[in-house]
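*Asks:* Quick mapping for you: the protein sequence lines, in order, are chains L and F. Just so it is clear: in the first sequence, position 141 is 141 by my numbering, and no numbers are missing. Just so it is clear: in the second sequence, position 125 is 125 by my numbering, and no numbers are missing.
Keep in mind that the hints are not guaranteed to be accurate.
[Claimed, not checked] The following residues of chain L were derived to be distant from chain F, with all beta-carbon distances above 12 Å:
no. : residue
1   : 46
2   : 69
3   : 140
4   : 175
5   : 193
6   : 194
7   : 197
8   : 198
9   : 224
[As the list claims (entries may be wrong)] Restraint ranges, calculated between C-beta atoms of paired labels, are given here:
no. : chain 1 : residue 1 : chain 2 : residue 2 : range
10  : L       : 137       : F       : 149       : 48 to 58 Å
11  : F       : 133       : L       : 49        : 18 to 28 Å
12  : F       : 153       : L       : 49        : 54 to 64 Å
13  : L       : 130       : F       : 18        : 45 to 55 Å
14  : L       : 114       : F       : 45        : 34 to 44 Å
[Said to hold, decoys possible] Just so you have them, the derived chain F footprint on chain L, three or more residues with Cβ under 8 Å:
no. : stretch
15  : 84-91
16  : 119-132
17  : 178-191
Hint data in this document are derived by calculation from the structure and do not stem from the laboratory. These numbers were taken from a predicted model, which means no experiment stands behind them. Quick reminder that beta carbons are idealized off the backbone N, C-alpha and C, glycines included.
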Amino acid sequence: MSAAAQPNLIRWDGNQPLLPARFPGMAALSSGARTLFMSEAERQPRSADDLRRAVQMAAAQAGDRGAYEALLRDCVPLIRAVAVRRGVAADYVEDVVQDVLLTIHRARQTYDPRRSFGAWLRTIAERRAIDLLRRVGRQHAREIHAPVEFEAFADERARPPDSAASAGGRVDEALASLPERQREAVRVLVLEEQSLSEAALTTSRSKGALKVNLHRALKALRGRFGEETERS
Amino acid sequence: MTAAKHDRLILDLAADLRPVRRLSPPLLRALVWLAVLAGLALALAAFANLEAVWQRIGAAPDLWLAVIGSAMTAILAAVAAFELSLPDATRAWAALPLPAALLWVGASGFGCLRDFIAPQSHVAVMSETADCLMFIVFLSVPLSALLFAMLRRGYPLYPGLTAVIGGLAVAAAAASLLNFFHPYDAAATDLLVHAVAVTVVIAGIRALSGRIFPVPAAIANNVTVSRVAPN
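Take these sequences, add in the hints, and give me the full structure.
*Replies:* What follows is the structure in structure tokens.
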């Protein structure tokens, strides 16, 4: 890092020109014209931090890598602040920082150390933040963010409280809790898919009795699982 | 939060640092281009029949107002273009040449009424106006080559707008110089051809703006990041 870039070596009240202007009259006229378009922040007197950064940037223009590196690190939180204020989402703030760092690098010959570095940086950061918001906006116009689509059950109530493996176990358990006649009716008519007449032959029960028992069994099971669903 | 996330990029940029020559104030750079333009105007004036030019322009107020308008548009648009070529410029600079451009267009538009005011004027026919078109378009080529070679040293964040304002400066300059070789009075056909020529110049430059100016950082991201040496 050069001596000029070290903060505590700066003795400068901000009024005398930082660097000798090659065309003093022209520079004055030009900066006079620019005053018309200056932002409010730029009209404020320059802070010590701002002067330090201006000196660092001037050193960077001359090829001082140490000053340049320190300056870029210093810029990161400033750029973040601008991006956040502009309404850039947290995920994208670092993208703006990267864009602005690259812009500083490519545009470094355009910086005039007589002017505020902070204002220069802020204008670039705001512009890049807006660019990013537009880019993201366009992306969102084409793509849908739908995390629910990746869930097996969009409706939480449809999800079994336990895993599928234990669901079978619970059905067995529920069947076992039924009275003997009802369990028999479920087994032959539902699980073995026999017709009513076949079932009547294999179980030696009347068709009417089987129908009544199946009906009662289903009612009991429905009551049992219905309760569970409501609880969860 | 720290700058740690951008460590590699910062180190890479620092490693890539080369000394740069700081740009002169934009107004000075605009004046350099305008000085070349003035030199060209003097050279053309040597070939022109200045007496006839003076007589024609002085004949009606709308004619010299249009000349003043186009010349002022060229000057102000050049200043605005050099300001816009800086990354921290506001878009408000683009408005700088507009009043002069309005004067130019307005005064030329008034010339359309010429047929009613001075019916004996020599109004250009289509083949003659084709020469105007060629003059404006071909004079624009060297003027814009120089202007954009100079503007490229900047880094505009509104490259399209900068190109349009630069194109306006070039087209207005060419249209101003045309007055040396323009023995016709303004008329609707003539004005239309001038408008077409100016639009062609601006649109052409606008279309090229992507190649004229450096690639925006956002697009070049991947290139730079991949350049980072793993260490």
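*Asks:* Now, for every hint given, state plainly whether the structure supports it.
*Replies:* Evaluation of the provided hints:
1. Residue-level check passed: residue 46 of chain L sits 15 Å from the nearest beta carbon of chain F, beyond 12 Å.
2. Not every beta carbon of chain F lies more than 12 Å from that of residue 69 of chain L, the smallest distance being close to 4 Å; the non-interface claim is violated.
3. Interface exclusion of residue 140 of chain L from chain F stands, the closest Cβ pair being 17 Å apart, more than 12 Å.
4. No beta-carbon of chain F is positioned within 12 Å of the beta-carbon of residue 175 of chain L; the least distance is around 59 Å.
5. The Cβ of residue 193 of chain L sits about 62 Å from the closest Cβ of chain F, beyond the 12 Å cut-off, so the non-interface label holds.
6. Look at residue 194 of chain L: its CB is around 68 Å from the nearest CB on chain F, clear of 12 Å, so calling it non-interface holds up.
7. For residue 197 of chain L, the condition that its CB be more than 12 Å from all CB atoms of chain F holds, with the nearest at approximately 74 Å.
8. Non-interface status of residue 198 of chain L relative to chain F is upheld: no Cβ of that chain comes within 12 Å, the nearest being about 71 Å off.
9. The Cβ of residue 224 of chain L lies farther than 12 Å from every Cβ of chain F, with a closest approach of about 55 Å, so its non-interface assignment holds.
10. Between residue 137 of chain L and residue 149 of chain F, the C-beta spacing of about 35 Å breaks the proposed range 48 to 58 Å.
11. At roughly 56 Å, the beta carbons of residue 133 of chain F and residue 49 of chain L sit outside the given window of 18 to 28 Å.
12. For the pair residue 153 of chain F and residue 49 of chain L, the supplied restraint of 54 to 64 Å is violated, since their beta-carbon distance comes to about 29 Å.
13. Look at residue 130 of chain L against residue 18 of chain F: about 30 Å separates their beta carbons, and that is not inside 45 to 55 Å.
14. A C-beta distance of roughly 39 Å is found between residue 114 of chain L and residue 45 of chain F, which places it inside the suggested range of 34 to 44 Å.
15. Coverage of the stretch 84-91 of chain L by chain F is violated [criterion: at least 3 residues with CB-CB distance below 8 Å; count 0].
16. As drawn, the stretch 119-132 of chain L meets chain F at 8 residues by the rule of a beta-carbon pair under 8 Å; at three or more, the given contact holds.
17. Counting residues of the stretch 178-191 of chain L whose CB falls under 8 Å from any CB of chain F gives 0; the rule of at least 3 is not met.
Comparing the model with each earlier hint shows violations of hints 2, 10, 11, 12, 13, 15 and 17; every other hint is respected.
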